[in-house]
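Novice: Could you put the whole structure together from the sequences, leaning on the hints where they help?
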Amino acid sequence: MRRSQYGSYLSTALLVAANLLIPVAIYIFAKGFFPYKPLLPGLAQYHEAPQDGRQPAPPFDRLVFMVVDALRSDFVYTDGTGFQFTQSLIKDGAAMPFTAHATSPTVTMPRLKAITTGSIPSFLDVILNLDEADTSSQLSAQDSWLAQMKAKKTGKLLLYGDDTWLKLFPDTFDRADGTSSFFVSDFTEVDNNVTRHITSELRQDDWNTMVLHYLGLDHIGHKSGPRSVNMVPKQHEMDGIVREIYGALETQPHLQSTLLVLIGDHGMNDAGNHGASSAGETSSALVFMSPKLKSIAKPAAVPAPFDEDFQYYTKVDQSDLAPTLGALLGFPVPKNNLGAFIQDFLPFWSNRHDQMHLLLSNAKQIFDIIAAASGVSLTTDYASSTCRDLSTVAEELACELQSISQSVNTDSSDDQEKRLSMWLQRAQELMSSMASNYDMSKLVQGGASAVLALTLAIASLIMVGDARWNLLPFAAITILYGIMMFASSYVEEEHHFWYWSASAWLFYVTLSRATRQKRTPAITAVAALVVMRLIRGWNQTGQKFAGEPDIVKIFMTSNPQLLWCLSILTYLITAVKLRNRLDGLPRAISVPLVTVLITTALSFKVAFCNEDSPELIVGFMKTVLSYLGEASLVGRAQAVFAMLALGSVYPVYSLLTQPYGKSRLQDMKTLHHLYTVLALTQSRVTNLPLFLLFQILQLFLERLAAPRLETAEISTTSLVLQLASFFAMGGTNAISSVDLSNAYNGISGYNVVAVGILTFVSNFAGPVWWASATNVLLLQRKLAAATATATTTPTNGAAEISATGGTMTKDSGEEGESKSSSSSSSSESVWHQHIALWTVFVTASLGFVMAACTALRTHLFIWTVFSPKYLYSMAWSLGQHLLVNVGLGGLLYWLGTR
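Counting from 1 along the sequence shown, just add 777 to a position and that's the residue number in my numbering.
Bear in mind the hints are in silico, worked out from the structure with no lab data behind them. None of these values were measured; they are calculated from a predicted model. Heads up, some of the hints might be wrong.
[Said to hold, decoys possible] Computed list of lysine to aspartate or glutamate pairs in DMTMM-like fashion (alpha-carbon distance at most 20 Å, straight line): (1) 929 with 951; (2) 1219 with 1194; (3) 1195 with 1094; (4) 1321 with 1270; (5) 1141 with 1172; (6) 1141 with 1086; (7) 1075 with 869; (8) 1069 with 1021; (9) 1439 with 1479.
Specialist: What follows is the structure, encoded as structure tokens:
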């Protein structure tokens, strides 16, 4: 007995240690994989002046910088757009159009860093972009064109719009009114709060920089995609703002030397999201506008013919904006800039020496960064004939720049411009390759920690159960999944692996269990596969076919009444199940409680949809909407959460007070159905019927397989369905698929904890649902096993159950189960084995992802595919595994079996 207890304690200790090592491994590896890059401090100063001792005179002294979030290039340049006035300026030569390339990650914060400083942001900024309370990403101590404009002391700096600017540049703006970028359901007020300041500010002459950042177009994309009925009207609205500002530039004397820049911080894909590296996400519009441009610009043909790669007119990089604004507005190029001056603006300076000085200043500023990183110097005497024979690229660049500088007065201007352009391109390539300064020791330490955690988890699993054949499918899935992580296309299309794994596993489970119970196996197996096929076809996900037809696009959005019938049916079935599980309460309490909860939850969803996707409110739903009153969405969501909390009181109390048995299983199911209501509240309207399919699949498992499934089989079922449901609800391994539409339900202001929880539940609603369902299946199996044991040895079994309070010294029913379904004879609990298996998968998958990121750190897609995959691995490991499966699941299982 003592040896058995010692083994049990040791197995538990190993499992705890393995799970504690997971966050340690993640942190160490992230420190080496996502380091903050060293930056040159202070503000840039002009390099040596030209021969005449003066800097080239800037053509502008004031800037209006208008950012339209997610302004993809075709939104401005093609036929059918709402930017008619902007196109007329392009046609007349008063505007110069470009396509600005936004490097991945295509989310707001890193893009604003690139636009304002000209540098290459860290991929870690993706995480910081989601945390509005973060201050570590501030640019107050880093050079930027905003800092340079402030240093000129020719006027105040103004900001109206996305408060990300206020976070990046604290104490920079003299007048500001920020708006949160995460209330993605708001298409109107978020932009009206910006526009209401424009007319009065254009009359003021005490400013030199006005930044406007509009969010509505991005919100429309997130909610309804680039072809939403709201998109063109929003473009008309933005074009109207351009018309007003440009009109002031023509008529207001103090604005005659003002430059208006219209730019998108990024684009969007066909699903309306962004964050990855597709052509639509990386191609943003960039338009310079001013009456002065007519003297140098050549009228361009508009509208431009559609280009599937969204490359219209001249393509530049967003970082090129910093040195270009420096020349146009008269300040030094920011110190950490890696962008190149846009040479289309050179005709503003008729003097050849001025033009070459601007280009050389840009080159020398970039070389300062190269020198700081490599130690090379321009003072070294290089022979021009040996530039290509030097040992490092940095030395070659120093040699070439020295040669260009010495020949600036002898070669023709065109030759110099070509040489400088080629030099800048090579310099940018060099610095881009140096942008990820991996700490190999930390990468190895992080990977080793994951391997150690895997080893401990396997040891714990061996001690808790026999290595039987039923572990083989789990092991095969884990190994195949790990191998996939080394191929970028498999990472992008990971959903196919889980869809096929889930389908194959469910076919095996239903077929084998139905055969044992002498039921019709073929019909049962086919029925399960049909449900799974509907689930996998609900949302088209991945990268290659994002935005392609799926069940949602073909049937749900085009037939809103069908969508609402299925959604209401989902709520009604959940209500019936809740009422049946609350039979311990008097009907006078349970019926009103369930009725109010479901009615409140459904009314919130209808009201939310009316604000979010009003095109789905048609037919009888308009009548339903008319009866819902005028309550705010925040108040409705808070009412739902309050009712869920109230409804949870009884099952939790019952779990704490009732004796071990079927009553606890009913309480566990009650909590599961209450979570279903929460998941419905936090999911997109078009995904609500998925939970109806989930419940049908759960019914198959409960009625057919669960009582006779071994723990390893339940764990395998849980694994494939949790992962498959994540992708079925629209998730991918790209940052662009993160759904923020329900992140503020019931919240009137930003709260990092509340928003974080709601965001997690929104994006992992399916996996969390199946984690809860797994608890039900595990408890159902344990009760069935206990019943079988009690039937076989009623006296001893009853005494053992009584003596342990329901938790048997041997896994409940192992002896009886061995007669009915050849179950494992593990001496540990069902829960221990289940978590041990999950820990093996999580640590193994984490180790594989770390190994892939390390081995492929120089891969072309390291920042667009593998790095986002590592971030998602962090979310699965820390959020879904440790918090949900281990933490919440463990608490509920303990309540059910204590």
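Novice: For each hint, tell me whether it holds in the structure or not.
Specialist: Quick rundown of the hints versus the structure:
1. Straight-line distance between C-alpha atoms of residue 929 and residue 951 comes to about 14 Å, which keeps the hinted pair within the 20 Å bound.
2. About 43 Å separates the Cα atoms of residue 1219 and residue 1194, which puts this hinted pair outside 20 Å; it is violated.
3. Taking the CA atoms of residue 1195 and residue 1094, the gap is near 18 Å; set against the 20 Å cutoff, the hint holds.
4. For the proposed pair residue 1321 and residue 1270, the alpha carbon gap of about 8 Å is at most 20 Å, so the pair holds.
5. With a CA separation close to 14 Å, the supplied pair residue 1141 and residue 1172 stays within the 20 Å bound.
6. At roughly 33 Å between alpha-carbon atoms, residue 1141 and residue 1086 are farther apart than 20 Å, so this suggested pair is violated.
7. With a C-alpha separation of about 8 Å, the suggested pair residue 1075 and residue 869 falls inside the 20 Å cut-off, and the hint holds.
8. Proximity of residue 1069 to residue 1021 is assessed by CA-CA distance (about 17 Å); at most 20 Å being required, the pair is judged to hold.
9. At most 20 Å may separate the alpha-carbon atoms for a hinted pair to count; residue 1439 and residue 1479 meet this at roughly 14 Å.
Hints 2 and 6 from the list above are not met by this structure, while the remaining hints are.
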